[in-house]
Amino acid sequence: MSSPPRGEIAAQLEPVVAEAVEAAGFDLEGLDVQQAGRRRLVKVVVDADDGVGLDDIADTSRVVSEVLDAHEHVLEGSYTLEVTSPGVDRPLTKPRHWQRAKFRKVTVRLTDGTQLAVRVGAAGQTSVQVLVGTELRTLQYTEVERATVEVEFQQPPAEELATLERAAGGTSRAGSDRDNTEESK
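Counted from 1, the sequence shown has number 43 at position 60 by our numbering; the numbering is strictly sequential.
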């Protein structure tokens, strides 16, 4: 008897794994199941607004392991669990990714092919405010083809941070878009 494709296994496990991860206080960013010899490799990627530490990874691993053990019939055998946080080079694809990247330098490729180096400001549900050089600009997420955080080894320039703070009305967290009446989480 052949086993189901890995995408099907991940789809069956995703709701219960997501529930466990969210109960632990994190967001499920990815779930992948691969065959690794006689075992399956279950890779779970988690994130949070304040980041994820090693202790958080260990705690989340225990919670997810309990859930997977309770659903071992889906995995059809032994598995290796890998719980991790997203890498710095992961693409910004959701509003929460942009909110977590506030004040970070990001490389953006727009749908028209334009490349931008920006500093992220307030991010809402449909758009994000960015600083391009000294110019403030609002990008609709629908305009963004790809965006990734750049690694910086120095503190961001104070004047850039001040400009973004003033533009956001002095708030320290990302606010909502002007056209969006629901506040960002």
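Just so you know, these hints were derived from the structure itself, not from any lab.
One or more of the hints may lead you astray.
Dumping the calculated SDA-like pairs for lysine to any residue here, alpha-carbon to alpha-carbon at most 25 Å [as the list claims (entries may be wrong)]:
#	residue 1	residue 2
1	Lys77	Gly20
2	Lys77	Gln18
3	Lys85	Glu49
4	Lys85	Glu(-3)
5	Lys77	Tyr62
6	Lys85	Asp72
7	Lys77	Gly36
8	Lys88	Glu(-3)
9	Lys26	Asp10
10	Lys77	Thr97
11	Lys85	Tyr62
12	Lys85	Arg22
13	Lys77	Leu144
14	Lys85	Gly20
15	Lys88	Gln137
16	Lys85	Leu64
17	Lys77	Thr63
18	Lys88	Leu58
19	Lys77	Glu(-3)
20	Lys85	Thr63
21	Lys88	Val(-1)
Have a look at the derived ranges for each label pair, beta carbon to beta carbon [what the hints assert, rightly or not]:
#	residue 1	residue 2	range
22	Gln123	His54	35 to 43 Å
23	Asp32	Phe136	30 to 38 Å
24	Gly20	Thr109	43 to 51 Å
25	Thr94	Glu118	29 to 37 Å
26	Gly13	Glu49	16 to 24 Å
27	Thr90	Gly(-10)	40 to 48 Å
28	Glu65	Thr131	36 to 44 Å
29	Gly36	Gly13	14 to 22 Å
30	Gln123	Arg21	31 to 39 Å
31	Arg92	Gly70	45 to 53 Å
32	Gly34	Arg92	19 to 27 Å
33	His54	Gly20	41 to 49 Å
Everything numeric in this text was worked out from a predicted model, so none of it was measured.
Cβ coordinates follow ideal geometry from the N, Cα and C atoms, glycine included.
Now for the hints, and whether the structure bears them out:
1. Lys77 x Gly20: violated, 34 Å
2. Lys77 x Gln18: violated, 29 Å
3. Lys85 x Glu49: violated, 34 Å
4. Lys85 x Glu(-3): Violated, because 28 Å separates the two Cα atoms, which is more than 25 Å.
5. Lys77 x Tyr62: violated, 30 Å
6. Lys85 x Asp72: OK: Lys85 and Asp72 at ~15 Å, within 25 Å.
7. Lys77 x Gly36: Since the Cα atoms of Lys77 and Gly36 sit roughly 21 Å apart, the hinted pair holds (cutoff 25 Å).
8. Lys88 x Glu(-3): Not OK: Lys88 and Glu(-3) at ~32 Å, beyond 25 Å, violated.
9. Lys26 x Asp10: Given that 25 Å is the threshold and the Cα spacing comes to 14 Å, the pair holds.
10. Lys77 x Thr97: Status holds; Cα separation ~20 Å.
11. Lys85 x Tyr62: With Cα atoms ~37 Å apart, Lys85 and Tyr62 exceed 25 Å; violated.
12. Lys85 x Arg22: Answer violated: Lys85 to Arg22 is near 40 Å, above 25 Å.
13. Lys77 x Leu144: The given pair, whose Cα atoms are some 22 Å apart, holds under the 25 Å limit.
14. Lys85 x Gly20: Violated, at roughly 41 Å.
15. Lys88 x Gln137: Measuring from Cα to Cα gives roughly 11 Å; hence the hint holds.
16. Lys85 x Leu64: Outside the cut-off at roughly 31 Å; violated.
17. Lys77 x Thr63: violated, 28 Å
18. Lys88 x Leu58: violated, 40 Å
19. Lys77 x Glu(-3): holds, 18 Å
20. Lys85 x Thr63: Roughly 34 Å separates the two Cα atoms, so the pair is violated.
21. Lys88 x Val(-1): violated, 35 Å
22. Gln123 x His54: 35 to 43 Å: holds, 39 Å
23. Asp32 x Phe136: 30 to 38 Å: Roughly 23 Å apart at Cβ, these two residues miss the hinted range, so it is violated.
24. Gly20 x Thr109: 43 to 51 Å: holds, 45 Å
25. Thr94 x Glu118: 29 to 37 Å: violated, 20 Å
26. Gly13 x Glu49: 16 to 24 Å: holds, 20 Å
27. Thr90 x Gly(-10): 40 to 48 Å: violated, 30 Å
28. Glu65 x Thr131: 36 to 44 Å: violated, 22 Å
29. Gly36 x Gly13: 14 to 22 Å: Holds: the Cβ-Cβ distance is about 19 Å, inside 14 to 22 Å.
30. Gln123 x Arg21: 31 to 39 Å: violated, 48 Å
31. Arg92 x Gly70: 45 to 53 Å: Given a distance of about 18 Å, which is not inside 45 to 53 Å, the answer is violated.
32. Gly34 x Arg92: 19 to 27 Å: holds, 25 Å
33. His54 x Gly20: 41 to 49 Å: violated, 21 Å
Hints 1, 2, 3, 4, 5, 8, 11, 12, 14, 16, 17, 18, 20, 21, 23, 25, 27, 28, 30, 31, 33 from the list above are not met by this structure, while the remaining hints are.
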